[in-house]
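Asks: For the sequence shown, the numbering used here begins at 4 and goes up steadily by one.
These are calculated hints, taken from the structure and not from any lab test. Predicted, not measured: the structure shown is a model, and the values here were computed from it. Treat the hints with care, since some could be wrong.
Within a straight-line C-alpha distance of at most 27 Å, the following computed BS3-like cross-link-like pairs (lysine-lysine) qualify [claimed, not checked]:
| hint | residue 1 | residue 2 |
| --- | --- | --- |
| 1 | K148 | K119 |
| 2 | K119 | K40 |
| 3 | K123 | K148 |
FRET-style restraints, in silico, Cβ to Cβ [what the hints assert, rightly or not]:
| hint | residue 1 | residue 2 | range |
| --- | --- | --- | --- |
| 4 | S51 | T16 | 19 to 27 Å |
| 5 | A116 | L44 | 39 to 47 Å |
| 6 | S80 | S162 | 13 to 21 Å |
| 7 | S24 | K148 | 51 to 59 Å |
| 8 | L84 | N164 | 18 to 26 Å |
| 9 | M35 | T142 | 49 to 57 Å |
Ideal placement from N, C-alpha and C gives every residue a C-beta, glycine not left out.
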Amino acid sequence: MIKINFKNNKGYTLLFAVIVSSIVLSVGISIMNISRKEFQLAVASRDSVSAFYAADTGFECALNQDNYFATNTPGISITCLNQSITMFVTFPNTFPGGNDGTGLFSFDLRMGATSKACAKVSVLKYYALDTSLNSLVPTSRIESKGYNVGWNTANNTCSVNSPNR
Numbered sequence: 004m005i006k007i008n009f010k011n012n013k014g015y016t017l018l019f020a021v022i023v024s025s026i027v028l029s030v031g032i033s034i035m036n037i038s039r040k041e042f043q044l045a046v047a048s049r050d051s052v053s054a055f056y057a058a059d060t061g062f063e064c065a066l067n068q069d070n071y072f073a074t075n076t077p078g079i080s081i082t083c084l085n086q087s088i089t090m091f092v093t094f095p096n097t098f099p100g101g102n103d104g105t106g107l108f109s110f111d112l113r114m115g116a117t118s119k120a121c122a123k124v125s126v127l128k129y130y131a132l133d134t135s136l137n138s139l140v141p142t143s144r145i146e147s148k149g150y151n152v153g154w155n156t157a158n159n160t161c162s163v164n165s166p167n168r
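Between the sequences and the hints, there should be enough to build the whole structure, so can you do that?
Replies: Structural data, given as structure tokens:
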């Protein structure tokens with residue numbers, strides 16, 4: 004009869020279980036870390052798209068209301084996204100027919116009633132020389148900056164600083 008001495012194999016099962024558990028745990032932690040990074044990337048992408056759409060909406064609003072900037076006085080109100088928006092004027096507006104014809108209008112636009120996304124829009128109106136006509140023509144420069152968060156409901160401005168902005 005053959006005798007097997009099991010005294011030399013004590014603890015092998017325990018060692019094997021610890022090694023397998025360590026491998027499974029490291030694979031699980033790696034998968035969790037990849038999932039967390041993918042989630043952060045998806046959130047950043049969503050916020051980026053939200054800010055882009057906010058900027059685009061602000062630009063389209065200013066473009067649709069461009070004639071009001073040239074023909075009305077400071078303090079005018081326009082309507083965009085069912086919101087009545089009052090313009091802020093930085094430079095005196097001398098349109099129509101003024102000497103320099105420079106006026107900088109700016110406004111903040113909220114993207115929806117429950118949204119925190121917003122846009123800061125500025126419209127610079129000035130006369131530029133058109134060489135083909137050899138005369139001054141009214142010109143607009145529209146700048147729209149979109150933000151995924153930042154709407155301040157207390158004073159209806161796009162001014163809240165946030166680490167996620």
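Asks: None of the hints should be skipped; say for each whether it holds.
Replies: Okay, the hints, checked on the actual structure:
Using a Cα cut-off of 27 Å, the hinted pair K148 and K119 holds, with the two alpha carbons roughly 14 Å apart. Restraint check for K119 and K40: satisfied, since their Cα atoms lie roughly 24 Å apart, inside the 27 Å limit. With a C-alpha separation of about 5 Å, the suggested pair K123 and K148 falls inside the 27 Å cut-off, and the hint holds. At roughly 52 Å, the beta carbons of S51 and T16 sit outside the given window of 19 to 27 Å.
Judged by the Cβ atoms, the range 39 to 47 Å given for A116 and L44 is violated: they are separated by roughly 29 Å. As the Cβ distance of S80 to S162 is approximately 20 Å, the hint placing it in 13 to 21 Å holds. Separated by about 52 Å at the C-beta atoms, S24 and K148 satisfy the suggested range of 51 to 59 Å. Taking 18 to 26 Å as the suggested C-beta distance range, the pair L84 and N164 conforms, at roughly 23 Å.
In this structure, M35 and T142 meet the distance hint of 49 to 57 Å, their C-beta atoms being roughly 55 Å apart.
When each numbered hint is compared with the structure, violations occur for hints 4 and 5.
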